[in-house]
Amino acid sequence: MTTKDGRIAPPRNGETQELDRVTIRFAGDSGDGSQVAGLQFTNTAALIGNDISTVPDFPAEIRAPAGSLPGVSSFQVSFSSYDIHTPGDAPDVLVAMNPAALKTNLPDLPKGGTVIVNTDEFTDANLRKAAYQANPLEDGTLSGYRVIEVPITSMNARALKDSGLNTKQIDRSKNFFALGLMFWLYERPLEPTLRWIDQKFSKNPAVSKANADTLKAGYHFGETAELFPVHYRVPKADLAPGRYRSITGNEATALGFLAASRLTGRPLFYGSYPITPASDILQELARFKNFGVKTFQAEDEISAIGSAIGAAFGGCLGLTGTSGPGLALKSESLGLAVMVELPIVVAMIQRSGPSTGMPTKTEQADLLQAMFGRNGECPVAIVAPATPAECFDMAIEAFRIALRHMVPTIFLSDGYLGTSSEPWRLPSVADLPTMRVDFATDPKTFHPYSRDPETLARPWAIPGTPGLEHRIGGLEKADITGNVNYDAENHDRMVRFRAEKIARIANDIPDLKVIGEEEGSLLVLGWGSTYGPALSAVQRARTRGLSVSHAHLRYLNPFPANLGEVISRFDRILIPEMNLGQLLMLVRARYLVDAVGLNQVTGRPFKIAQIEQKVNELVRSKVTVG
Amino acid sequence: MTTETVTEPVPLARKDFVSDQEVRWCPGCGDYSILAQTQKLMPDLGIPREKIVFISGIGCSSRLPYYMNTYGFHSIHGRAPTIATGLKASRPDLQVWVITGDGDGLSIGGNHLLHILRRNVDVVIVLFNNRIYGLTKGQYSPTSEMGKRTKSSPMGTIDHPVNPLSVALGAEATFVARSLDIDVHHLLTTLDRAAHHKGTSFVEVYQNCNVFNDGAFMEFADKDVRPDRTITLEHGKPLVFGKDRNRGVRLNGTTPEVVDLGNDIAEGDLLVHDETREDPAVAYILSRMQYPQYPVPMGVFRAVQRPTYDDLMDQQIQDAISREGEGDLEALLNEGDTWTVE
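Top line first, the protein sequences correspond to chains A and B.
Heads up, the first sequence stops at 626 in the numbering used here, and the numbers go up one at a time, no gaps.
Heads up, the second sequence stops at 968 in the numbering used here, and the numbers go up one at a time, no gaps.
Hints are computed from structural coordinates only; laboratory data are not their basis.
There may be inaccurate statements among the hints.
[Claimed, not checked] Result set (EDC-like, lysine to aspartate or glutamate): computed pairs, CA atoms no more than 16 angstroms apart in a straight line:
| # | chain 1 | residue 1 | chain 2 | residue 2 |
| --- | --- | --- | --- | --- |
| 1 | A | LYS200 | B | ASP963 |
| 2 | A | LYS289 | B | ASP945 |
| 3 | A | LYS209 | A | GLU226 |
| 4 | A | LYS289 | B | GLU950 |
| 5 | A | LYS236 | B | GLU968 |
| 6 | A | LYS289 | B | ASP963 |
| 7 | A | LYS289 | B | GLU860 |
| 8 | A | LYS289 | B | GLU952 |
| 9 | A | LYS289 | B | GLU893 |
Just chain A, with the same shape it has in the complex (with noise of 0.2 angstroms):
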């Protein structure tokens, strides 16, 4: 048990030292239980008041070999007195629970920081399998970081020699051992984990019990061991008043869909097929089946959208979920949406591609694909949330939007949103947006393809509508009556028709708001995931006393009816965003102004510093030229 040098001090031993925000990053092997000991962590941190954000790295789906650097799996939990939008640049502490885990992991831990590795799986077979040539716990690898060493594996074992498991089922549990010493050396309580493992294990009492012991003995280790001279608290956040529950994107996702399904007094109805990353969102509104929803797992992504549409004809909430391949699949019956004008709804969660791409990894670089990705002139609706809570909202608002428009919405989420979380200050269901739902019924004024003055919408006539009986379809339809028509003019009015239902949505939701100065040198202007960096780094900057201001849009189509005007009033704006500048060009199109993009396509999310650098960049050369 080494301690080497590094940018914490030493202090006098069992002292406490206070931190104001602490990153951890858990590593190790996909059978090492990294993910359980992450959420263990957040949910304690949560719990007692500070403001959290995490962030979990998988493998591919399939598990690789026990110990190989493609097996690795990872999550980090950024916890803090203070309000936090990203799951932190660069972990403070790694905790490497084998060799492959230190491999993968260690580029991203800044000199100074702390790494807790787990000795016992630095066999001579596991380096190998990490590909190191010497053990880096004797070759000066580790010079620079603080690092101590733990028998993770033959600790655990001899805390539960006694416990009647065999050595496998003895191993498994070794996350908790290290999740116990984590807990020590922050000063967290052990409760609110041995309440989840009660009830996780409780039909299995021995494995309950040992993952009990082990995660005491953990914790007891480090109250015992000179390894750790000192041990951390970090204060409760001051977070606005209300109660609160972590929450990842793909849950609140999956709640605010139901929840547009309570408003509105109308059945969920949920087509999909199983996707990296939306296949949570399949199984969380699997388990509301006493709430009325029905799910549907298709036999591909083009059945599921078109059981989507078939329960938007029959009147209930039409809802497919997918990812990029399954979007550039289900593209046929999107057109087929747009033309028969039916409400319903496309949770598109991106991740990398193009094609398979990295199917755990994040990327923005559906954008346009969701905009254009059809055959002829065919717009639809685009929300998209900024982060993990207001998945919530805006899945809320998806369908808000589609059903007082009749339009097929895309809700534009990411993998990065959907699998990290946050604080959600829970919402009480009476100040939820009102939402009402209004069928035609009357055979008089019945018109298929008549519209709302206002909107623009045609009426939702459905299915048991006595006199109503009307046929709709992909062909193109005369204006007023529905009917298949071939007409040159009226082909022009109906798809000008399409064009001008979207953009008059502009007229129902928010403008946009800048954070900052309403006018300046600079505007970062982003989408969807990139809020927690970018504002990070906006405020990093104007602490610096830069003129620079934030604004982030949640509608893509239409934008806010204001961002034209936003955007004349700064010299400069920025787009940082996770694909090749895919919003940068609508926005340059459209406005025809001369933005500048930051663009990274590595699968991960931006960290601050880099937004902060561009931004420090372009203010200067501002300067410069002004």
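For this one, chain A is given, so just place chain B on it according to the hints.
Quick look at chain B alone, frame taken from chain A:
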């Protein structure tokens, strides 16, 4: 949109199911007959017009919903079963029909057909089989016979054709039948059986495309030769056919055998048709019988009961409600570990 509701008595005449749209199939097309029998059947079902929905894909057959004065949805190529599944699962109170063709249902939409059949969604599927692509003007279809010369196969096709009923039986469809456009009485009876079956009903209708594949079925379907070259399946009866009812089919192991009745072969030696057999194997054997080696079987091959997808889905919802109570959104939002910030 007002809320005044006009209630209408259940219509009783065929004309009530005829829409105001002009029918636009080629003169002489077999589709006219199928449309006429479908419209004729409707009043007898005793279902209000507004509770009936016709859903189709793309192709000549798929224009049928426009001509039915019910709710209708002319969707996109091959996808009608997906829309029908979503509609029926979310609105089990409706009677849903899927109108498709050999290209729509077995080529571009083959996957969806397989899955709607295995799930046993309670809809009626009528597949118009003309063994050609008519709407695109004469290319071969997945049911075109091997070697067929068409515009897209000038030297003859090299695709082995798919047998629609064998596929349906392979997917364990609970109702499988075949009829013929020009045998109007048989067609009406078969559609009536299909409409009354609970579960997915699959009906293949041999339909003549008089423009691009004229006479495709005439070898055995022509009125003069039909009794000798087809065999009408009747539940509980031996497989007898022929103008003089003097020929039959018996099973030799798993191979059907055409025999002459008389001398030492009596009706008791023939295969007795049992459409309710759980095991689809015999129905499959019948589905393989083709002219000229065999008479072509017409009628109901299989009609068995199995819980429908839409019923099972509703049942799970009822079970969940009786177990956990009607969902409470407020309680759900507050589920799990929560904390309060003062």
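Here is what the structure says about each hint:
Between the alpha carbons of A/LYS200 and B/ASP963 the distance comes to roughly 14 angstroms, so the proposed pair stays at or under 16 angstroms and holds. Between A/LYS289 and B/ASP945 the CA atoms are separated by roughly 9 angstroms; this keeps the pair inside 16 angstroms, and the hint holds. Note on A/LYS209 and A/GLU226: the hinted pairing is violated, with a Cα-Cα distance of about 27 angstroms set against a maximum of 16 angstroms. For the hint pairing A/LYS289 with B/GLU950, the CA-to-CA distance comes to about 10 angstroms; that is within 16 angstroms, so the pair holds.
For a cut-off of 16 angstroms, the pair hint linking A/LYS236 to B/GLU968 stands: about 12 angstroms separates their Cα positions. The straight-line distance between the Cα atoms of A/LYS289 and B/ASP963 is roughly 22 angstroms, outside the 16 angstroms bound, and the hint therefore fails. Distance hint between A/LYS289 and B/GLU860 is unfulfilled; the C-alpha atoms sit about 43 angstroms from each other, more than 16 angstroms. A distance of roughly 9 angstroms separates the Cα atoms of A/LYS289 and B/GLU952; the hinted pair therefore holds under the 16 angstroms criterion.
Taken as a hint, the A/LYS289 and B/GLU893 pair is broken in the structure, with Cα atoms around 55 angstroms apart against an allowance of 16 angstroms.
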